[in-house]
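Protein chains: 2
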Amino acid sequence: MQKDFLMQDTADDRVAFDTGTLKYNEAGLIPAIAQDAETGEVLMMAWMNADSITQTLSSGRVTYWSRSRQSFWAKGETSGNVQELTGLRIDCDRDCLLLQVRQTGPACHTGRRSCFYTDLRDGVEVITSAPVATGS
Amino acid sequence: MQKDFLMQDTADDRVAFDTGTLKYNEAGLIPAIAQDAETGEVLMMAWMNADSITQTLSSGRVTYWSRSRQSFWAKGETSGNVQELTGLRIDCDRDCLLLQVRQTGPACHTGRRSCFYTDLRDGVEVITSAPVATGS
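So the sequence lines, in the order shown, correspond to chains A and B.
Heads up: the first sequence runs through residues 8 to 143, numbered per the numbering used here.
Heads up: the second sequence runs through residues 8 to 143, numbered per the numbering used here.
Since the hints were made in silico from the structure, they are not lab data.
It cannot be assumed that every hint is accurate.
Pairs count within a copy or across copies, as identical chains cannot be separated in the list.
With a straight-line Cα cutoff of 25 angstroms, these simulated SDA-like cross-link-like pairs (lysine to any residue) come out [said to hold, decoys possible]:
#, residue 1, residue 2
1, 30, 128
2, 30, 134
3, 30, 65
4, 30, 131
5, 30, 46
6, 30, 111
7, 30, 79
8, 30, 138
9, 30, 61
10, 30, 87
Produce the complete structure using the sequences and hints provided.
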């Protein structure tokens, strides 16, 4: 079906998205990578369940599932550092999501733009960015 | 320690990388995102264990851990579509890696450059790219 769809981009070939068709782990979660839609910078990776995907799509603001708190985690709900969803991609195995986002402020809880601020250089860890905002 | 390191970027503050300091899941695995080092395109997400990280760092070519085969998966070993490692970043929680790679050919087993070729648009899945090479 996907092959036909690729060949003929007609309305008949379109596949309506259904969160039930994704592959979740044993805890019902799927990894979601958040990428800055403008710069391409990878900001963070977190987890979603089917309901948090539905919430994200309906609200336009990224909502993860917090494994530590076992609850929805509407990104920026308390900090204001929201992620506005501009695109959602599904990988070939349907077991990972790529979220394209417009990030307000830092994505990282340390106040840095990206969570991936530790770079490995010649066997040594180097912190490459400073907090852009101090959390309260 | 990391705070001091950020403040004073001196040799004394440097942290030698140790795979044992990362956080792995119950299967001993950590997710690794591969990003095209030049374009910023997110190519794929797969899993690594401590030994595959060590192999990747020593060889300079990305080696994942295949959950389905339960074996090392030296990317491109059979297809030739290798991933040369140009950078490795660790996230704030130390439970996710970002690999910056120079990708030869397609990263996806479908022959597409990226595994994230299915885009969600207005509730419909749209395939955004065609295979760049046909696998044998």
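Cross-check of the supplied hints:
When the C-alpha separation of residue 30 and residue 128 is checked against a cutoff of 25 angstroms, the pair qualifies only between copies, where the shortest distance is 20 angstroms, while the shortest distance within a copy is 35 angstroms. In this assembly of identical chains, the alpha carbons of residue 30 and residue 134 lie at most 25 angstroms apart only when taken from different copies (18 angstroms versus 34 angstroms within one copy). For a Cα distance limit of 25 angstroms, the shortest separation of residue 30 from residue 65 inside one copy, 21 angstroms, qualifies, whereas the shortest one across copies, 33 angstroms, does not. Proximity of residue 30 and residue 131 under a CA criterion of 25 angstroms is satisfied inter-copy only: 18 angstroms between copies versus 36 angstroms inside one chain copy.
In this assembly of identical chains, the alpha carbons of residue 30 and residue 46 never lie at most 25 angstroms apart, being 29 angstroms within a copy and 28 angstroms across copies at closest. In the homo-oligomer, the alpha carbons of residue 30 and residue 111 never lie at most 25 angstroms apart, since the shortest distance is 30 angstroms inside one protomer and 28 angstroms across protomers. Taking the closest pair of Cα atoms, residue 30 and residue 79 come within 25 angstroms of each other both inside a single copy (19 angstroms) and across two copies (22 angstroms). For a Cα distance limit of 25 angstroms, the shortest separation of residue 30 from residue 138 across copies, 23 angstroms, qualifies, whereas the shortest one inside one copy, 35 angstroms, does not.
In this assembly of identical chains, residue 30 and residue 61 lie within 25 angstroms of each other by CA distance solely inside one copy; the values are 15 angstroms within and 29 angstroms between copies. For the homomeric pair residue 30 and residue 87, neither the shortest alpha-carbon distance inside one copy (31 angstroms) nor that between copies (28 angstroms) is at most 25 angstroms.
In the structure shown, a violation is registered for the earlier hints numbered 5, 6, 10, in ascending order.
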